[in-house]
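Participant: Given next are the chains, with one letter for each unit.
2 protein chains.
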Amino acid sequence: MTNESADEFDTIRKLFAPLATSAGARGLADDAALIEGRHVVTTDAIVEGVHFLKGDPIATVAMKALRVNVSDLIAKGAQPRAALLTLIWPNERPAEDIEVFAAAFGGDLAHFGMTLLGGDTTSTDGPLIISVTAFGEPLAERTPARADAKVGDDVWLVGGEIGSAWLGLQLRSGAMQMDEFARGRDEDEARATSESLAGQTPDYLTLPGLPFDAEAAWLMSTYLAPFIRPECADLVARFANASMDVSDGLVADAAKLAAASGVSLRIEATAVPFSIPAERWAFSGGDFRKLITGGDDYVVLFTAPASARAELEATLGAGALRLSRIGAIEAGEGVRVVDLQGDAIPIPNAGFRHKLGR
Amino acid sequence: MTNESADEFDTIRKLFAPLATSAGARGLADDAALIEGRHVVTTDAIVEGVHFLKGDPIATVAMKALRVNVSDLIAKGAQPRAALLTLIWPNERPAEDIEVFAAAFGGDLAHFGMTLLGGDTTSTDGPLIISVTAFGEPLAERTPARADAKVGDDVWLVGGEIGSAWLGLQLRSGAMQMDEFARGRDEDEARATSESLAGQTPDYLTLPGLPFDAEAAWLMSTYLAPFIRPECADLVARFANASMDVSDGLVADAAKLAAASGVSLRIEATAVPFSIPAERWAFSGGDFRKLITGGDDYVVLFTAPASARAELEATLGAGALRLSRIGAIEAGEGVRVVDLQGDAIPIPNAGFRHKLGR
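Chains as they are written, first to last, in the numbering used here: chain H, 417 to 774; chain E, 417 to 774.
Honestly, I wouldn't trust all of these hints.
Any copy, or any two copies together, can satisfy a pair, since identical chains are not distinguished.
Heads up, simulated SDA-like pairs for lysine to any residue below, C-alpha to C-alpha not over 25 Å straight-line [as the list claims (entries may be wrong)]:
| id | residue 1 | residue 2 |
| --- | --- | --- |
| 1 | 430 | 749 |
| 2 | 470 | 619 |
| 3 | 566 | 445 |
| 4 | 706 | 614 |
| 5 | 566 | 440 |
| 6 | 470 | 531 |
| 7 | 470 | 509 |
| 8 | 430 | 671 |
Keep in mind the hints are simulated off the structure, nothing from the lab.
Please take these sequences and the hints and turn them into a complete structure.
Facilitator: Structure representation (structure tokens):
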């Protein structure tokens, strides 16, 4: 928080001040903040044109910037507590957008029970960039690492499905047309559902030139701002050996967990949770491997001893969170995606990367 | 630390791993880090074309990115301990630059006794951006705020001079020519000094088409990577009522301190510390008001009770740090810069700001 920046931070300070409730935030009026105690800390930036599209609504961009960080805290079994916000704001964007950004970011902070500790803002001729550092309170003595998986562990996903955000991005970016997406669905039913919801969702969830489509809107909304379930943190804190969030595609992230733990991770393809439209798409000619390598899922991948299985499932309660046992940890290395017969399914493209440097 | 990012962070992880010495950093191999205890925390980003020039050496850019954050910690009386690093790296920059960046950033971390906790990297088509979050251990129970100045306090600067970085930027950017800068100096002496040092400094400290000039080189180096003196933190922790670092220009930052404290701050123009070339420039037709409004100084501005004056000066020791009593806190509001007669000097341009939004 340099002074030059703190100065500009005035613009949003006033909007955020009600959320800077911790004494250590000093009302966002100082050059530094104070924190105390044990914290899990994580930092993630999202960049226009890389992690979100230039035309994405500024409100969902704000939410995404916070949530990709909250996702890391949850996956470590920590309760979100506080955040620092650095905004690199394009000169060409209208200043009014800052107010919308602040309102959305502030609303999300409140939703997750977090306070704003401070931040920094600068103008730029380049793309919009939002960098967040988030602090969480660990719910257990031990904070599970990627490296803590044990042979024999079950592999779990909790907090949502795989592939919905990828499908949403394909639709929103125009990479997939509605006729491919809608293959195999009951159009009368889909139309009825969509008509019953039309006008109740923001304009940006309707594709240009097309009637509102409820399924497409839902998938696009998961891409724009992932649904993060903070309740997952408690499950992780109580049961996880290894844990991480899935952001780069299930297969790629599972491979990282396996590599860090020095084990092999088996994924049973039929056990992976998909949303209804994603599953239909895959059963109607779509390649399900794109769903498990697509990225932007922001659910928690964790391993736990098989002996904890019953208690884990009982803890969750009926329907509160989507919990899926998708495989197991074995001796060896790498990720194997297997079919019902246990035969390996080859995965051509195990996850996207934003490469650094030329 | 999303996975997609942690992935790319591999590139520099290997270079940094020796510096990630705290257990909480988890060897930079996890999605989050752990911290414990009381911390002062600050975050600052520097942006190509705004806080540094596109042609600035990547090594000094790395140092500047860390030091502007360390400066905030020092000014709060905290000892630097750890940092998170977020790199938004232009696609057009050669990947080899990353190694130079990492070596310089790592060297600076070691210099300040800090460890790397983690980070995030993304490629971009826009400008290079480095966002750092820094953690410091407060050296006293109380952490001085901007708002803590009391009427009757002395106003101090510690850790360096004012205006050197501004002069360095003018020379480096070509906004000021050497003949204006060199007005009034003994050119034979200057040439002798420069010749005795030529070849011992990096090429980027020589202006294109000109012979190496020792004074210009020194001023440019303070702009490129400010000299930060961590020893200042102890003085702040022991004596400061209010404190902040000077980064936006002495007058602008003094005005912020005065406003936050609800007081008036008097600056005695003749008591402000300048470097020898800056003072000569001001006495040879330069406008000294540009030195005190220019920015990028990164020294500590603090207030302390007049009763502590003798002890404060004795604590410092002879010559260890440049300490200057530049004025006093009075009832009222705003900043008054006064001459030897106590008459106010009008200040036309009280500090630069990187405005946000259009």
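Participant: Going through the numbered hints above, which ones does this structure break? Give me the numbers in ascending order.
Facilitator: 4, 6
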